[in-house]
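Each chain, letter by letter, is given below.
2 protein chains.
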Amino acid sequence: MNKVIHQNRIKHLQKAMQAAHMDICLILDRENLLYYTGLEQVECMAAVIPREGQPQGTTLWLDLSWIQANCALEQIRGYHFPGKSIGESIVDIIKEYGYPDPIIGFERYFVGFGVYDTLRKNFNEQKFASAAEIIYRQRAIKEPDEIEKISCAAKAAIAAMAAAVAVIKPGVREIDIAAQAEWAAMKAGSQGTPFRTQIVSGNKTLLTHPFSDEKEVKAGEIVLLHIGARYQGYTAKLCRTVAVGVIPEEQRKIYSILREAQQACIEAMQPGRPVCEIDLAARQVIENYGYGHQFLDIIGYGVGLRQSEFYPMIGKPFRYSLERDMVVDVLLPSIYKPVVGGPRLTDTLWVNQDGVVNLTEYPRDLIQI
Amino acid sequence: MNKVIHQNRIKHLQKAMQAAHMDICLILDRENLLYYTGLEQVECMAAVIPREGQPQGTTLWLDLSWIQANCALEQIRGYHFPGKSIGESIVDIIKEYGYPDPIIGFERYFVGFGVYDTLRKNFNEQKFASAAEIIYRQRAIKEPDEIEKISCAAKAAIAAMAAAVAVIKPGVREIDIAAQAEWAAMKAGSQGTPFRTQIVSGNKTLLTHPFSDEKEVKAGEIVLLHIGARYQGYTAKLCRTVAVGVIPEEQRKIYSILREAQQACIEAMQPGRPVCEIDLAARQVIENYGYGHQFLDIIGYGVGLRQSEFYPMIGKPFRYSLERDMVVDVLLPSIYKPVVGGPRLTDTLWVNQDGVVNLTEYPRDLIQI
Numbered sequence: 001m002n003k004v005i006h007q008n009r010i011k012h013l014q015k016a017m018q019a020a021h022m023d024i025c026l027i028l029d030r031e032n033l034l035y036y037t038g039l040e041q042v043e044c045m046a047a048v049i050p051r052e053g054q055p056q057g058t059t060l061w062l063d064l065s066w067i068q069a070n071c072a073l074e075q076i077r078g079y080h081f082p083g084k085s086i087g088e089s090i091v092d093i094i095k096e097y098g099y100p101d102p103i104i105g106f107e108r109y110f111v112g113f114g115v116y117d118t119l120r121k122n123f124n125e126q127k128f129a130s131a132a133e134i135i136y137r138q139r140a141i142k143e144p145d146e147i148e149k150i151s152c153a154a155k156a157a158i159a160a161m162a163a164a165v166a167v168i169k170p171g172v173r174e175i176d177i178a179a180q181a182e183w184a185a186m187k188a189g190s191q192g193t194p195f196r197t198q199i200v201s202g203n204k205t206l207l208t209h210p211f212s213d214e215k216e217v218k219a220g221e222i223v224l225l226h227i228g229a230r231y232q233g234y235t236a237k238l239c240r241t242v243a244v245g246v247i248p249e250e251q252r253k254i255y256s257i258l259r260e261a262q263q264a265c266i267e268a269m270q271p272g273r274p275v276c277e278i279d280l281a282a283r284q285v286i287e288n289y290g291y292g293h294q295f296l297d298i299i300g301y302g303v304g305l306r307q308s309e310f311y312p313m314i315g316k317p318f319r320y321s322l323e324r325d326m327v328v329d330v331l332l333p334s335i336y337k338p339v340v341g342g343p344r345l346t347d348t349l350w351v352n353q354d355g356v357v358n359l360t361e362y363p364r365d366l367i368q369i
Numbered sequence: 001m002n003k004v005i006h007q008n009r010i011k012h013l014q015k016a017m018q019a020a021h022m023d024i025c026l027i028l029d030r031e032n033l034l035y036y037t038g039l040e041q042v043e044c045m046a047a048v049i050p051r052e053g054q055p056q057g058t059t060l061w062l063d064l065s066w067i068q069a070n071c072a073l074e075q076i077r078g079y080h081f082p083g084k085s086i087g088e089s090i091v092d093i094i095k096e097y098g099y100p101d102p103i104i105g106f107e108r109y110f111v112g113f114g115v116y117d118t119l120r121k122n123f124n125e126q127k128f129a130s131a132a133e134i135i136y137r138q139r140a141i142k143e144p145d146e147i148e149k150i151s152c153a154a155k156a157a158i159a160a161m162a163a164a165v166a167v168i169k170p171g172v173r174e175i176d177i178a179a180q181a182e183w184a185a186m187k188a189g190s191q192g193t194p195f196r197t198q199i200v201s202g203n204k205t206l207l208t209h210p211f212s213d214e215k216e217v218k219a220g221e222i223v224l225l226h227i228g229a230r231y232q233g234y235t236a237k238l239c240r241t242v243a244v245g246v247i248p249e250e251q252r253k254i255y256s257i258l259r260e261a262q263q264a265c266i267e268a269m270q271p272g273r274p275v276c277e278i279d280l281a282a283r284q285v286i287e288n289y290g291y292g293h294q295f296l297d298i299i300g301y302g303v304g305l306r307q308s309e310f311y312p313m314i315g316k317p318f319r320y321s322l323e324r325d326m327v328v329d330v331l332l333p334s335i336y337k338p339v340v341g342g343p344r345l346t347d348t349l350w351v352n353q354d355g356v357v358n359l360t361e362y363p364r365d366l367i368q369i
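Chains as they are written, first to last, in full-length UniProt numbering: chain G, 1 to 369; chain U, 1 to 369.
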C-alpha cells in the first residue's frame, strides 16, 4: 500500500471541503475507507477528515494494531465495543477538532441510523451536509493505479464469462453455471463477486436484480450472464446473452438492436462530450426501431470501487460531460417488453485521450449454443 | 412457495404489534422481506403491515408482475422510479390506512436515510418506534421448513470445508483455497456465500472481520477457515483451524482450550436455560486456563436468514433463555492474544427437545497438515 496516494486523495478532498465550506467530512463506508485510507480489510471503522490538518481514524479495538500498520492515516484510536459505539468515538474526535457549530458532511445514504442519531444528539443537525457529490466526483476520475486494478478485475470477469458459456446447455442449473463462473474468476485473481452473480434464464431475465438459483436452462430460452469480479477492492463487469437453441425471432432482433446501440454509444464516447449526447447516440438506434418507450433513461454507470458508482451516470437527464480517465459501463438496460424482452449486454470501458478502451473485450454478438 | 406459511407469520407479527400498540410495521430489508413475503429475488421493495387487515407491498414497476406472481402478499403496487421513490410510495400506502398520527415501527438500523427522511416529513417522528425486537424474537424460533433449509445450507458448508482443507499446503494462496471452498459449496447446493469467505492465515487470523486475499500460506502458520453457505435464503456456517506443519505450542494449547470450552457450552445448551449460563459454561473453561481477560463477552449468535442474527445472542450480558427450535452458532471468538492468538472453531446448532443437534458435523479437533 502506497500511503502517498491515499494522503494525496485526502488533500484533494480537503480542498473540495474548503470550497464547499465544510468543516468535517466523515468517511464510513467500506469503499470510501479503501479510497482514502488504503485499507481493504476493514469493518467497523471511520475516518474523520477536518478541512485542515491531520485526519483521524477510529476502529474496533481488536483490529487496532493491524489497522495502524496498514492504513494511510497517521492517527488511529480503538473504541472498546460494547462500552463505546463507533458513533460516540466519532463524536469525541470531532469535538477535539474544536470547530464551533461544525458543518459536518457525510454520505447520507450510507450512514447507519445509529451513527446518525448519535451525531444529531451532539451537533446541530441543521449544519449536516451531503459529502456525496464531492466524494463521487473525485472517485470518478481514475488514477493509473486504479485503471490497473480495474483491468485485473476485468481479466478475471472475462475468464469467468468464458467458463460459464462453456457449460451452458439445456438441463444445466443456473447455479451450476454460476459456480463455474465464480471459480474461474477467483482462479484468475478475483477476490470475490461485487454483486450476486446474475446468470439467469427464461422469464427471470426480465427482472431488474435477479440472481442465479436452481432453475434449469431450457432449449428455446435465453441465458443472461451478468458477471462481475473484484481485484484489490476494484470491480469490473460484463454482460452477454446466450441463445440456447432456437429462440423467438423478436428476442434475436432485440439483442441485435442493443448490440448496434452499444456500438453507437461507444463511438460517441469522447472526453468532453455531455453524457446525455452519448446516451442519445444509443437511444436513437433504439427509437429508430420503434422500441424507445420500452428503454430506460439511464444506460451506464461509473465502475470502480462500486460496480455502479453514483457518478457519472450515462443517461438522458444528465448534462455533465464525460471526462478522461473515467471508467464506465454501457449499455445496461434491456428493452423491457413483457414476455419477449430480456437480452442484454454491457462492457466496462476506460475513457482515455483517444476515445475508449474496452477492458472487458469478449465477443459481443449473440452467443448461440 | 407456500403462501400460508408467510401469511401466518404476518398474523403472528400483527398480534405482537397490537400488544406493542404499533399501528404500522415497515418491512424493508431483504431478510425480513423473504421472511414475511416469501420472496427471494427481491430488491427495491417494501411491505407495509397494518395492525389489522391486509398488508400491502410496493416494488419497482419493472419487477411488478414477477413480484405479484411470487409473493405471499395479495396487494402489491409498482412505483415508477425516478418519478417516485420507494419512500414516497410507502407514505401513500400508510396514509391510505387512515390511522391518525400513526405509531410506525421499523428496523432503525436497516432503514436507509432517504426513506427515513421521507417518513419524517410526512409523519410525526416522535411516534416512530423500533420493530426490531418483535421481528427478531419471532425469527429466532425456527419452523420445520426453516430447519430444513438451514440443514441444506449446512451440508453445503461442510462440503466446502472438506474441499478447502484438501488443498491447504505451504505456498497456496488464501484466495485459491477460498475458490475451491465456494465452488464446492455451490455444487452442493449453496446459492452463494452469506459473508465474504474468511479463509485466512498467519497474523490475519487475529482480525475480527478478515477475508481471503493473495497471501500465501506458510509452514508454521495456522489457517482459519470460517465458511458459510446459503440455501433459499437461509445460512449455515462453521469454522475450523488448520495447523500447517509445526505451530507454536501456545496456539495449539489455545485451540484445545477453545475445543473444550465449545464442548462444555454444547453440553449446557438446554431449552429454558438462560443464555448467560450457557456462556458461563464455556467461559469457566477459558478462565480456568487463565485466558478469561482475553475472551470476548459474546460467544454465539442466532443463525437463520442472517449469519449472525440479533436475537438470541449467547453471551455474558444476556438474561433471556435459550428456547426450543432456536438455531445458534457457538463458539465464535478466539482468545485475543496479540501475535499468539487466532485459532477458532464454531458450529451451527439446532436446539430441540433433546438438547442440540450439530447441523455442521465435521471433525472438531485441530486439523494437522
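A couple of the hints might just be wrong.
Identical chains share a label here; the pair holds if one copy fits it or two copies do between them.
When the alpha-carbon atoms are kept at most 30 Å apart in a straight line, the in silico DSS-like pairs for lysine-lysine are as follows [as the list claims (entries may be wrong)]:
| id | residue 1 | residue 2 |
| --- | --- | --- |
| 1 | Lys15 | Lys121 |
| 2 | Lys169 | Lys3 |
| 3 | Lys84 | Lys316 |
| 4 | Lys11 | Lys253 |
| 5 | Lys84 | Lys218 |
| 6 | Lys187 | Lys169 |
If you're looking for bench data, these hints aren't it; they were derived computationally from the structure. Note that the structure is predicted; figures quoted are calculated from it, not measured.
### Task
Measure nothing new, just compare the shortest in-copy and cross-copy C-alpha distances for Lys84 and Lys316 to 30 Å and report within, between, both or neither.
Close across copies (17 Å), not inside one copy (47 Å); limit 30 Å.
### Query
With identical chains treated as interchangeable, where does the CA-CA distance between Lys169 and Lys3 reach 30 Å or less: within a copy, between copies, both, or neither?
neither (48 Å within a copy, 33 Å between copies)
### Same-copy or cross-copy closeness of Lys84 to Lys218 [CA-CA at most 30 Å]
neither (55 Å within a copy, 37 Å between copies)
### Query
Taking 30 Å as the upper bound on the Cα-Cα distance, should Lys187 and Lys169 be classified as within, between, both, or neither?
both (23 Å within a copy, 17 Å between copies)
### Query
How would you label the pair Lys11, Lys253 (within, between, both, or neither) given a Cα cut-off of 30 Å?
neither (51 Å within a copy, 48 Å between copies)
### Task
First find the shortest C-alpha distance between Lys15 and Lys121 inside one copy, then the shortest across copies, and answer within, between, both or neither for a cut-off of 30 Å.
Only inside one copy: Lys15 and Lys121 sit 28 Å apart there, 33 Å across copies, limit 30 Å.
Against the hints set out earlier in the document, violations occur for numbers 2, 4, 5.
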